[in-house]
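Using the sequences and the hints given, assemble the complete structure.
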Amino acid sequence: MFERFAQERDPQTDLLDDWCEATLDPLAAGAGLRAVYPWQKPYLPFLTWARKAGAGQASPLGMNIHPVYGLWHGFRGALIFEGPTDLGAGAPAPSHPCQSCAEKPCLSACPVDAFVKDSELPFDPARCVSYLQSTGGISCLNHGCRARLACPIGRNYAYTPEQIRFHLSAFYRDRTVN
Numbered sequence: 001m002f003e004r005f006a007q008e009r010d011p012q013t014d015l016l017d018d019w020c021e022a023t024l025d026p027l028a029a030g031a032g033l034r035a036v037y038p039w040q041k042p043y044l045p046f047l048t049w050a051r052k053a054g055a056g057q058a059s060p061l062g063m064n065i066h067p068v069y070g071l072w073h074g075f076r077g078a079l080i081f082e083g084p085t086d087l088g089a090g091a092p093a094p095s096h097p098c099q100s101c102a103e104k105p106c107l108s109a110c111p112v113d114a115f116v117k118d119s120e121l122p123f124d125p126a127r128c129v130s131y132l133q134s135t136g137g138i139s140c141l142n143h144g145c146r147a148r149l150a151c152p153i154g155r156n157y158a159y160t161p162e163q164i165r166f167h168l169s170a171f172y173r174d175r176t177v178n
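Position 127 of the sequence shown, counting from 1, maps to 127 under the working numbering, and the rest follow consecutively.
Errors might be hidden in some of the hints.
Below 30 Å or equal to it, Euclidean Cα-Cα: the simulated DSS-like pairs (lysine-lysine) are [as the list claims (entries may be wrong)]: (1) Lys104 with Lys41; (2) Lys41 with Lys52; (3) Lys104 with Lys117; (4) Lys117 with Lys52; (5) Lys104 with Lys52.
Pairwise CB distance ranges (calculated) [what the hints assert, rightly or not]: (6) Thr13 with His143: 20 to 30 Å; (7) Pro45 with Met1: 18 to 28 Å; (8) Ser100 with Asp25: 14 to 24 Å; (9) Ser130 with Ile80: 31 to 41 Å; (10) Gln133 with Met1: 23 to 33 Å; (11) Asp18 with Glu103: 18 to 28 Å; (12) Arg34 with Gly136: 36 to 46 Å; (13) Thr13 with Thr85: 34 to 44 Å; (14) Ser130 with Pro26: 35 to 45 Å; (15) Ile80 with Gln7: 21 to 31 Å.
Simulated from the structure, these hints should not be mistaken for laboratory data. These numbers were taken from a predicted model, which means no experiment stands behind them. Ideal Cβ positions, reconstructed from N, Cα and C, are used throughout, including at glycine.
This is how it looks when you write it as structure tokens:
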């Protein structure tokens, strides 16, 4: 998806959110459906929906982990159907990849301990942003979240360096704009 976005828009100046809406809205309308997005208010439970649909499970970092793609996926929109569907009905529940990961390197890789194990809110974005504002945070901004990179699941699907910089810059920008 990011590759197509980068071909159609300028990642230096354009928002992925705008591209997602411009791409998904016509598809939804053509199917008689409505598209919703995780950045729209009121915020909708995208991660819960994904888990119920079998598209991953909660990781110790708080984000969804997929048994194949690991932490290298995101949910940029959802289609709202008017009534119940049988999409995915009868599909076996995916295994939880974190259960077989004894070392859980994701929990110890963050240089500022922004992830708190067994917490209701496992991620402390203020701690992360504070570090990103320091000279030490330049490495994370350029190379990616160390906790995410430490996860052994789905490494073949890791984002490209350009995509990592794009997403971390957006994360940082969204939390530092007054």
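(request) Take the C-beta atom of Asp18 and the C-beta atom of Glu103, compute their distance, and say whether it sits inside 18 to 28 Å. (result) Because 40 Å falls outside the window, the suggested range is violated.
(request) Could you say whether the range 34 to 44 Å given as a hint is met by the Cβ separation of Thr13 and Thr85? (result) Taking Cβ atoms as reference, Thr13 and Thr85 lie about 38 Å apart, which means the hint holds.
(request) Can you let me know if the beta-carbon spacing of Pro45 and Met1 is within 18 to 28 Å? (result) holds (21 Å)
(request) Hint says 36 to 46 Å; check whether the CB-CB distance for Arg34 and Gly136 agrees. (result) holds (44 Å)
(message) Assuming the hint says 20 to 30 Å, is it satisfied by the Cβ distance from Thr13 to His143 or not?
(response) holds (23 Å)
(message) For a C-alpha distance cap of 30 Å, please report whether Lys117 and Lys52 respect it.
(response) The given pair, whose Cα atoms are some 23 Å apart, holds under the 30 Å limit.
(request) Starting from the range 23 to 33 Å, see whether the pair Gln133 and Met1 falls in it by beta-carbon distance. (result) holds (29 Å)
(request) Using the beta carbons of Ser100 and Asp25, state whether their distance is inside 14 to 24 Å or not. (result) For Asp25 against Ser100, whose Cβ atoms are near 40 Å apart, the range 14 to 24 Å is violated.
(message) Against the range 35 to 45 Å, how does the distance between the Cβ atoms of Ser130 and Pro26 compare: consistent or not?
(response) holds (41 Å)
(message) For Lys104 and Lys117, compute the direct alpha-carbon distance and say whether it is at most 30 Å.
(response) Measuring from Cα to Cα gives roughly 10 Å; hence the hint holds.
(request) Given the hint of 21 to 31 Å, check if Ile80 and Gln7 actually sit that far apart at their C-beta atoms. (result) holds (28 Å)
(request) Confirm or reject the claim that Ser130 and Ile80 have a C-beta distance inside 31 to 41 Å. (result) holds (37 Å)
When the structure is compared with the earlier hints, violations turn up for hints 1, 8, 11 and for no others.
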